[in-house]
Amino acid sequence: MTLRIEDLPKEELFGQGNGGCKACGAAIAGRQAMKVLGERTIITIPASCMATLGGNNQKTAWKIPFYHTLFEMAPAVSSGIRAALEIQGVNDVNVVSWGGDAGSADIGFQALTGAAERNEHMIHVCYDNEMYMNTGGQQSSQTPLYALTSNDHIGKPVKKKNMLAIMEAHGLDYVASASIAYPFDLMEKFQNALANPGFSYIHILAPCYRGWQIPGEKTIEFARLAVESGLWELFEVKKGVRTRTHEPSLIPVADYLLPQGRFKNISKKAVEEIQTSITKYYGRGDK
Amino acid sequence: MAKNLPIVPTAKPGSMAETPAGSTWREKRPVLMNCTCLEVTLYCPDGALSIVEGKVSLDLNLCKGCGICANECKDGGIQMVPEYTGAQGVFPVKGEE
Chain A
0 MTLRIEDLPK EELFGQGNGG CKACGAAIAG RQAMKVLGER TIITIPASCM
50 ATLGGNNQKT AWKIPFYHTL FEMAPAVSSG IRAALEIQGV NDVNVVSWGG
100 DAGSADIGFQ ALTGAAERNE HMIHVCYDNE MYMNTGGQQS SQTPLYALTS
150 NDHIGKPVKK KNMLAIMEAH GLDYVASASI AYPFDLMEKF QNALANPGFS
200 YIHILAPCYR GWQIPGEKTI EFARLAVESG LWELFEVKKG VRTRTHEPSL
250 IPVADYLLPQ GRFKNISKKA VEEIQTSITK YYGRGDK
Chain B
0 MAKNLPIVPT AKPGSMAETP AGSTWREKRP VLMNCTCLEV TLYCPDGALS
50 IVEGKVSLDL NLCKGCGICA NECKDGGIQM VPEYTGAQGV FPVKGEE
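For the protein sequence lines, the chains are A and B, in the order given. Read in order, the letters of the first sequence correspond to residues 0 to 286 in numbering that gives the first Met the number 0. Read in order, the letters of the second sequence correspond to residues 0 to 96 in numbering that gives the first Met the number 0.
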């Protein structure tokens with residue numbers, strides 16, 4: 000199933016006139032995903048940037064049913080929507096919950112792990128900007144080691160929680176990581192998730208230029224550097240079989256880390272340590 | 000047993016595109032020179048770039064001027080120019096400084 004740009008639907012189901020900042024990585028992720036999900040989709044979004052940029056009052060940027068849920072319960076609401084559809088005999092609707100890193104990995108985790116355990120027929124998407132951007136850029140469990148956030152002046156002292164490994168451990172049939180800089184890879188993963196009759200989890204790295212303190216026009220460039228430096232691995236786990244979908248060129252991690260304002264306090268030694276661990280990880284031939 | 004649900008205010012699908020606020024924030028706007036890379040439309044956060052008859056087309060009403068397209072276009076076919084130029088403007092034009 001190789002996608003071509005000519006085959007993609009022209010219709011914009013999300014994004015036009017959205018209320019996000021310029022150069023919003025989350026909006027890019029939403030647009031790319033909606034090209035595959037199509038109009039027969041119901042989406043639930045907990046409190047996050049994605050919820051606020053999707054509409055307010057009597058206006059919405061979505062052309063599909065969009066429910067703004069409470070913070071900790073998007074996958075639970077989606078489970079209910081799927082149950083209601085099943086009881087009515089509607090089988091051609093995709094049910095998606097779409098949370099940020101807080102709505103998936105931190106506050107939203109209990110609903111997510113519950114829905115994953117029950118193997119509900121739905122897709123959960125975590126769009127990861129590595130901090131709580133909607134409330135001003137506080138530290139999340141997805142913030143990488145040494146990154147500065149607005150409630151911290153020395154950099155995060157602990158590592159990023161490996162959400163993909165946690166979701167893999169639920170024994171799901173489809174778990175994948177994606178990046179907005181590789182749109183066709185991302186869209187193929189959504190196609191695979193749609194083909195899975197159970198719970199699928201997709202984790203998208205979607206940079207936020209304000210939080211990462213990079214120029215807005217380089218949002219996609221840094222998403223690409225994260226993959227090419229090896230710090231964000233693109234892979235999918237289909238029925239327990241792990242495949243790396245993009246082989247990175249392994250550029251020096253310093254090229255990715257040092258231009259970002261959030262890593263301005265990082266020491267030379269720390270960069271070397273990260274480089275050593277990345278080289279070791281990709282050199283061990285786990286593919 | 001279908002029950003009529005009460006009528007609640009609901010937003011019209013895609014109604015934010017009718018009054019996009021983002022275009023008023025724009026400091027620079029993209030100008031399509033001869034952009035041939037269609038992938039660039041997938042990197043636009045606002046759906047301002049689309050493919051019309053096999054070519055990239057731009058809707059300035061939706062564009063927030065982020066500059067991602069100019070940065071990602073491989074052959075330099077999109078360039079950012081200052082939104083306000085000339086005697087009334089705040090950004091000087093190159094050569095007229």
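Misleading hints may appear alongside valid ones.
[Claimed, not checked] What the simulated footprint calls covered on chain A by chain B, stretch by stretch (three residues with Cβ under 8 Å from a Cβ of chain B suffice, anywhere in the stretch; the number is not a length): (1) 27-40; (2) 99-109; (3) 261-269.
[To be verified] As a list, the in silico DSSO-like pairs of lysine-lysine whose alpha-carbon atoms are at most 30 Å apart: (4) K11(B) - K263(A); (5) K27(B) - K2(B); (6) K263(A) - K160(A); (7) K9(A) - K2(B); (8) K11(B) - K9(A); (9) K279(A) - K268(A); (10) K54(B) - K62(A).
In short, the hints are calculated from the structure, not lab data. The C-beta atom is built at its ideal place from N, Cα and C for all residues, glycine as well.
Taking the hints in turn, this is what the structure says about them:
1. 27-40: holds (count 4)
2. 99-109: violated (count 0)
3. 261-269: It is violated, with 0 qualifying residues against the three required.
4. K11(B) - K263(A): With a Cα-Cα distance of about 45 Å, the restraint between K11(B) and K263(A) is violated, given a limit of 30 Å.
5. K27(B) - K2(B): violated, 52 Å
6. K263(A) - K160(A): Holds, because 22 Å separates the two Cα atoms, which is no more than 30 Å.
7. K9(A) - K2(B): Distance ~36 Å between K9(A) and K2(B) Cα, so the pair is violated.
8. K11(B) - K9(A): holds, 20 Å
9. K279(A) - K268(A): holds, 16 Å
10. K54(B) - K62(A): Between K54(B) and K62(A) the Cα gap is close to 25 Å, so the pair holds against 30 Å.
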